[in-house]
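Residue numbers (this note's numbering), protein chains in the order written: chain A, 1 to 276; chain B, 277 to 569; chain C, 570 to 862.
Hints are not guaranteed to be accurate.
What the hints assert, rightly or not - Now the in silico label distances, taken between C-beta atoms and shown as ranges:
1. B:T552 x C:L589: 54 to 62 Å
2. C:V654 x B:S412: 47 to 55 Å
3. C:P614 x A:D224: 43 to 51 Å
4. A:V275 x B:T552: 52 to 60 Å
5. B:N316 x C:L589: 49 to 57 Å
6. B:S323 x C:R743: 50 to 58 Å
7. B:N316 x A:V275: 38 to 46 Å
8. B:S412 x A:R229: 40 to 48 Å
To be verified - Once the Cα atoms are required to be at most 25 Å apart in a straight line, the calculated DSS-like pairs of lysine-lysine come out as:
9. A:K138 x C:K803
10. A:K50 x B:K333
11. A:K54 x B:K511
12. C:K773 x B:K559
13. A:K174 x A:K96
14. C:K680 x B:K283
15. A:K54 x B:K333
16. C:K773 x B:K436
17. A:K252 x B:K511
18. B:K511 x A:K50
19. A:K174 x C:K680
20. A:K50 x A:K96
Said to hold, decoys possible - Negatives, chain A to chain C, calculated, CB over 10 Å:
21. F30
22. T58
23. Q130
24. I139
25. E246
26. G249
These are calculated hints, taken from the structure and not from any lab test.
These numbers were taken from a predicted model, which means no experiment stands behind them.
Beta carbons: idealized from backbone N, C-alpha and C, even for Gly.
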Amino acid sequence: MIKRAMVATVTLCTALLVALPIHANSLDRFAGLSGDLKIAGGTAHIPVVKEAAKQIMTLNPNIRITIAGGGSGAGIKQVGEGLIDIGNSGRRPSDKEITSYGLSLHKWAIDGVAVVVNPSNTVTALTQGQLAQIFSGKITNWKALGGKDRGINIYTRDASSGTRSVFWKKALKKGEIAPSANFVVSNGAMKTAVANDPGAIGYMSAGFVDQRLTPVALDGVTPDAASIRNGTYKVARGLFSNTRGEAQGLSKQFIDFLLSDQGQAIVKEKGFIPVN
Amino acid sequence: MNRWGEKAIYSLSVLSCVLLFGSVAILLGYLLVKGLPALNPGLIFGSTPMVDALFLKRQVFDGIFPAMAGTLALIALAITIAVPLGLLAGIYMAEYSGRFTRSVFGFFFDLLSGIPSIVVGLFGFSAILFFHHHISESLAPCLLVSALSLAFLVLPYIVKTTQIALETVPQQTRITGLALGATRLQNIVFCLIPESLSTILGGIILAVGRCAEDTAVIMLTGAVVSAGLPDSLFKGYEALPFYIYYISSQYADQTELTQGFGACIVLLLICATLFTLAAIIQKKVRHTLLYRH
Amino acid sequence: MNRSFFQQKRDRNETAARALLFMSALVCCLLVVLILGFMVVTGLPLFGQNQAMDLLTGAWSPHNGGYGIAPMIFGTLWISFLSVVISFPMSLGCAAYICVLGPHGKATVMKRCVQMMTGIPTIIYGFVGVFLLVPLIRNTAGTGSGMCILSASLVLAVLIAPTMILFFIQSFDRVPRSWLDAVDALGGSRVQKLVYVVLPACVKGIVTGTVLSFGRALGDTLVALMIAGNAIQKPDSLLDSARTLTAHIALVSAADFESMEFKSIFLCGAVLYLITALVILGARLIERRGTHE
Chain A
1 MIKRAMVATV
11 TLCTALLVAL
21 PIHANSLDRF
31 AGLSGDLKIA
41 GGTAHIPVVK
51 EAAKQIMTLN
61 PNIRITIAGG
71 GSGAGIKQVG
81 EGLIDIGNSG
91 RRPSDKEITS
101 YGLSLHKWAI
111 DGVAVVVNPS
121 NTVTALTQGQ
131 LAQIFSGKIT
141 NWKALGGKDR
151 GINIYTRDAS
161 SGTRSVFWKK
171 ALKKGEIAPS
181 ANFVVSNGAM
191 KTAVANDPGA
201 IGYMSAGFVD
211 QRLTPVALDG
221 VTPDAASIRN
231 GTYKVARGLF
241 SNTRGEAQGL
251 SKQFIDFLLS
261 DQGQAIVKEK
271 GFIPVN
Chain B
277 MNRWGEKAIY
287 SLSVLSCVLL
297 FGSVAILLGY
307 LLVKGLPALN
317 PGLIFGSTPM
327 VDALFLKRQV
337 FDGIFPAMAG
347 TLALIALAIT
357 IAVPLGLLAG
367 IYMAEYSGRF
377 TRSVFGFFFD
387 LLSGIPSIVV
397 GLFGFSAILF
407 FHHHISESLA
417 PCLLVSALSL
427 AFLVLPYIVK
437 TTQIALETVP
447 QQTRITGLAL
457 GATRLQNIVF
467 CLIPESLSTI
477 LGGIILAVGR
487 CAEDTAVIML
497 TGAVVSAGLP
507 DSLFKGYEAL
517 PFYIYYISSQ
527 YADQTELTQG
537 FGACIVLLLI
547 CATLFTLAAI
557 IQKKVRHTLL
567 YRH
Chain C
570 MNRSFFQQKR
580 DRNETAARAL
590 LFMSALVCCL
600 LVVLILGFMV
610 VTGLPLFGQN
620 QAMDLLTGAW
630 SPHNGGYGIA
640 PMIFGTLWIS
650 FLSVVISFPM
660 SLGCAAYICV
670 LGPHGKATVM
680 KRCVQMMTGI
690 PTIIYGFVGV
700 FLLVPLIRNT
710 AGTGSGMCIL
720 SASLVLAVLI
730 APTMILFFIQ
740 SFDRVPRSWL
750 DAVDALGGSR
760 VQKLVYVVLP
770 ACVKGIVTGT
780 VLSFGRALGD
790 TLVALMIAGN
800 AIQKPDSLLD
810 SARTLTAHIA
820 LVSAADFESM
830 EFKSIFLCGA
840 VLYLITALVI
850 LGARLIERRG
860 THE
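Can you make the complete structure from the sequences, with help from the hints?
Following this line, the structure appears as structure tokens:
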């Protein structure tokens, strides 16, 4: 009974919601709009999308944006199947995916895929060859690379991850990943795992790298904003938001907002490289 | 058996108690130490003023208020679906089933209570996918799907408690109604159920606790990272256990992690309250208080 | 004498009620069958391309078209067996202390505590496991990531212990009072009471409780998903990372629904379902044999 009463109250009060006037140019496009927007997919996108959603929903409470993770593969499939409105992916959808679902792509940020190790690790530079040998399980101790005598623990992502697919193609050159690798579910989870494990090596969105991890220089190039922007750091990708068919209504406004100055400021603040 | 053998057995049993209670105490202590600093209105309401959040004037973004509301809505829905069905099935099992049906149905209920929750979640997820393809494009994982799947999950608890509660009504009470000329049905409705109501209620509350804590089902059937307060059956929603799962893997900084510990304490408090409530109800409540006709 | 109008109405009500109750029970059972049906039907396409045995015993290498779930089956069995092996002596010791060896005054309080423990949400065990136990195991072992079979089993052991203890207590309580009094009258000690009277009388109850707890460990998703490391390999040592069937479902279900990978999780679901069914069936058989003697 009490719960029903509460649900009723919640419903009633929602009807009484009033918009708070906040003045921001790029957000004006949402004035007077209402409805739902379902977003899912790439986990690298989440911080940016969450912040954007917060700004939009604060301005206009009649818009409801739900955000879920799942990985790039899930984002592409779910938007293709029509389960969600915007599917994020940390890789370019394949041509097959684009044609079979009629996807339209919107790239709103550039991001590197950084190889990361624990800050206590003294190995901070690797060649592409060494990296491939580590991930295929041929080098198993940091000592072999000039580090401390400690076993190497590989962390990887599941097949749905766009970060994995970019890393696999561009950094491992489609090399093998050892079956003993630990699996984590997201970029955030990769950060947690590597930050807590002195023997760890993993890869993740460069935008997620902070002082809890050390990015590894690959063939002499450290992944940072400058090297990713000018293309000297090769393992980079775009962050995409995909819609089925041309983006319309709220989806279009949302993507336009991400591409506006204000949206691109969020992109930059969260550690990614704006496209505009 | 010599005295040393006896002493050894006694010490081993004390040791196992110390081990178990000790590890649970460490677990709870660790949680408290890490989470207590986060226990303040900010944890629940974020930067939104509490009054505004409670009266839904403003949405909460950095707090667990939407997740708590989502969990509450989920419990309410799942229980509303599971209780009538479970109650009826339980009454059938206790009062009407023959030897054969009892043993067959009993096996199915045991099986249902044993099926891993992730399998039930997978069922819910694939069923809604099937409906999405064949019935309506607008169907997608949502609050209702989660609630239905959770209802399946707790159904056997409710069936079982109802069955046991009815079966343990003393024989004298059972035949009094019949002797006064009541039909079997009247006897059940006016005599047996009121008599066993407190046990049944206790079982329902335990089922509520199960709904509050389950993560595996909801992560497949509609829980999302960010959605705001739940306002529709057909949308994604936030939930407290899923929030904790999300934080455990994706926390951005120390503050968020502390919030995760805080959320754990909140969830633990909710579950402990439900458990205590169940215990009190099963012990104290007299059927006359709750049942009038 | 003609049956009165009221009599007929009563009979009709009675029949209708009976039908309704039966239908409810039937619906619940059909649900159980439906879940299995869904798993099997959706998983079927896999069998078209591969031999059934390849899927159950083969390796997982999607790039080469191998969707064998053997590594996950091994992971599941390792983790659940180990957790039962750790949990069993601990639970038996605790149950013995609570029911027989310990002072009577403490028994009720301790039993209440154990009951409360069953209410601690799984996600909380996982959360604390990730931040407390995993680093501890990593530092103690000196190698590996700390995310391994051992860590997951230790957490699961604590998780299933309360349920196991309650099963054991239930069975200890069924030992006839007069047997216990007889030991007291003969001047036997508490340990002798336990070893010569209670344990022999409760073998069946203990086995059933252990089997059912094994089922509980088998079906758990969150602990393994968060702590066991999820590597897809046949584990060789306790410090190896492993993936359970349940964690596999949780990890893959977010992916591509058209792919063979996605379909393979229904096979995982079906395997889990069948193992659970065997566990329940086993427990029931043991119990039944007990009542015949």
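Quick rundown of the hints versus the structure:
Look at T552 of chain B against L589 of chain C: about 35 Å separates their beta carbons, and that is not inside 54 to 62 Å. Checked against the hint of 47 to 55 Å, the C-beta distance between V654 of chain C and S412 of chain B comes to roughly 49 Å, which is consistent with it. For P614 of chain C and D224 of chain A, the hinted distance range of 43 to 51 Å is satisfied, since their beta carbons lie about 46 Å from each other. The hinted range of 52 to 60 Å is satisfied by V275 of chain A and T552 of chain B, whose Cβ atoms lie roughly 55 Å apart.
A hinted range of 49 to 57 Å for the beta carbons of N316 of chain B and L589 of chain C is consistent with their spacing of about 51 Å. The beta-carbon spacing between S323 of chain B and R743 of chain C, approximately 57 Å, falls within the hinted interval of 50 to 58 Å. Between N316 of chain B and V275 of chain A the C-beta distance comes to about 40 Å, which sits within the given range of 38 to 46 Å. The given range of 40 to 48 Å is respected by S412 of chain B and R229 of chain A, whose C-beta atoms sit roughly 45 Å from each other.
Among the hinted pairs, K138 of chain A with K803 of chain C is consistent with the structure: their alpha-carbon atoms are about 18 Å apart, no more than 25 Å. As the CA atoms of K50 of chain A and K333 of chain B are separated by approximately 20 Å, the hinted pair is consistent with the 25 Å bound. For the suggested pair K54 of chain A and K511 of chain B, the alpha carbons sit about 18 Å apart, so the restraint of at most 25 Å is met. At roughly 30 Å between alpha-carbon atoms, K773 of chain C and K559 of chain B are farther apart than 25 Å, so this suggested pair is violated.
Restraint check: the Cα-Cα separation between K174 of chain A and K96 of chain A comes to about 20 Å, which is no more than 25 Å; the hinted pair holds. The straight-line distance between the Cα atoms of K680 of chain C and K283 of chain B is roughly 23 Å, inside the 25 Å bound, and the hint therefore holds. Distance hint between K54 of chain A and K333 of chain B is fulfilled; the C-alpha atoms sit about 15 Å from each other, no more than 25 Å. Straight-line distance between C-alpha atoms of K773 of chain C and K436 of chain B comes to about 21 Å, which keeps the hinted pair within the 25 Å bound.
Distance hint between K252 of chain A and K511 of chain B is fulfilled; the C-alpha atoms sit about 20 Å from each other, no more than 25 Å. With a CA separation close to 17 Å, the supplied pair K511 of chain B and K50 of chain A stays within the 25 Å bound. Restraint check for K174 of chain A and K680 of chain C: the C-alpha separation of about 57 Å exceeds 25 Å, so the hint is violated. Simply put, K50 of chain A and K96 of chain A have alpha-carbon atoms about 29 Å apart, too far for the 25 Å limit, and the pair is violated.
At the 10 Å boundary, the C-beta of F30 of chain A stays outside the reach of chain C, the nearest C-beta of that chain being 29 Å off. Look at T58 of chain A: its CB is around 29 Å from the nearest CB on chain C, clear of 10 Å, so calling it non-interface holds up. With a minimum CB-CB distance of about 20 Å to chain C, Q130 of chain A clears the 10 Å threshold, and the non-interface call stands. Chain C leaves I139 of chain A outside its interface by the beta-carbon criterion, the shortest separation being 15 Å against a cut-off of 10 Å.
Every CB of chain C is more than 10 Å from the CB of E246 of chain A (nearest about 24 Å), matching its label as outside the interface. With a least CB separation of 25 Å from chain C, G249 of chain A remains clear of the 10 Å interface cut-off, as annotated.
Violated hints, listed in ascending order, are 1, 12, 19 and 20; each of the other numbered hints is respected by the structure.
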